[in-house]
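Residues per chain, in single letters:
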Amino acid sequence: MTTPKYIRQELKQVKDPEIPTISIVDLGIVTGIDVSENNDVHVTLTPTFAGCPALRMMEDMVKEHLGSYEQLGTITVETSFATTWTTDLITPEGHEAIKKHGLAPPKRNCSNITMDLLEATPCPYCESGDTSMKSPFGPTLCRSLHYCNNCKQAFEGFKPVG
Amino acid sequence: MDSIAALKELLYKIADDQLIIGHRNSEWTGLGPVLEEDIAFSSMAQDKIGQSEHIYNLLHQLGEADADTVAFTRNAPQFHCSQLVELPIGGYDFSLIRHFLFDFAEYLRFEALKTSAYQPLAQVAKKFFGEIKYHTMHANTWVHQLGHGNGESNGKMQESLNYAWNYALGMFEPGPAEDVLITENIFIGETALREQWLEVITPLLEKSNLVIPSQSEWAPIYGGRKGEHTEHLQPLLSEMTEVYTIDPTADW
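Sequence lines, in order, name chains A and B.
Its first residue numbered 1, the first sequence is counted upward by one per residue in the numbering used here.
Its first residue numbered 1, the second sequence is counted upward by one per residue in the numbering used here.
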């Protein structure tokens, strides 16, 4: 019989459509996996942002991906707010994947976010701490805009959400 | 009024406020005074409209029509938004002041709702609260900056604050069943929310060199929650529903 652990491992192949280096598992949005006796799988996802347009796409991607495994039964995917997503749910592997995409990973322990906290986001290119935040809103809901005073490079950060 | 009816009334006004302010925010897309601000208002529009959809989904679970039907097929008198959110975007000064007044109220509303006895609402409130924090930080940064900018910027912000003030007080129009919401621990009620809001924004506006109109001039503009709206709402709805009206089954 299939186990939730196996499904979780396999879901690492499903990537965030907006940051294709990170899997939905490392992003921390897979909050529940139930496997029935006849291998039906029910996956619960939690939204990163309420208005994230990739939400339905990710539901479909999970369905499609698991649907290709012959040993699995019916695949159902549900989005639920029962577990609140915060950027602290992103795994250490997820932080590396975010960096690989050229973004600064979010700071940890994000329950009390302030502008000052965002100001000091280290540059993902030269790792300098001498950076300034241009705007807490970037090209997607999860990103902020920054500038590195050391390597004179504009960069984006994955913003902390508590 | 039973608690389900009271809850629905609360959910409708929250979702309608978000949908309409979201649409107004989106009117800055492509027109923002600087690129970062264009992106900021567009992002906030996306947050608000996305959040409204989740609240409409809660209403759907309580037996109301689905989110798209509710959002796209009602006329102005069926909307429960406050009049503040439906006012045209005006100049950037007005949009920023409205953003400040509205988002601090919404931030505190969701903070209170995090502990609502109605669990599905408490769950989304926790999520929205984290997102709206960014909206309040954005609003406060600009209100502070322009309040301290120069005589012209301070004057414009003050004028907008004076104009928006009574509309903003209208956000806290008491509903028909405040007592039910309070005793059932669904929500703290509009009067308590208004008190919290005044406590938070008063020192922030002072620090921004802006003056809240004197209390003798306070005359909250109510009616929005009961479907009484300004002339500005129906044209907004007509524009927002244009594509849906042409083909309600279209998918995009």
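It should be emphasised that the hints constitute simulated quantities derived from the structure, not laboratory data.
Among the hints, erroneous ones may be present.
[Stated by the list, open to error] Sample of chain A residues at the chain B side, in silico, Cβ under 8 angstroms:
no., residue
1, Thr-86
2, His-101
3, Val-161
[As the list claims (entries may be wrong)] Now the stretches of chain B that chain A is said to cover, found in silico as 3 or more residues with beta-carbon under 8 angstroms:
no., region
4, 49–55
5, 236–246
Computed from a prediction, not measured in an experiment: that's the story for all the values here.
The beta carbon of each residue, even a glycine, is placed where N, CA and C say it ideally should be.
Going through the hints against the structure:
{"no.": "1", "hint": "Thr-86", "result": "holds, 7 angstroms"}
{"no.": "2", "hint": "His-101", "result": "violated, 19 angstroms"}
{"no.": "3", "hint": "Val-161", "result": "holds, 5 angstroms"}
{"no.": "4", "hint": "49–55", "result": "holds (count 5)"}
{"no.": "5", "hint": "236–246", "result": "violated (count 0)"}
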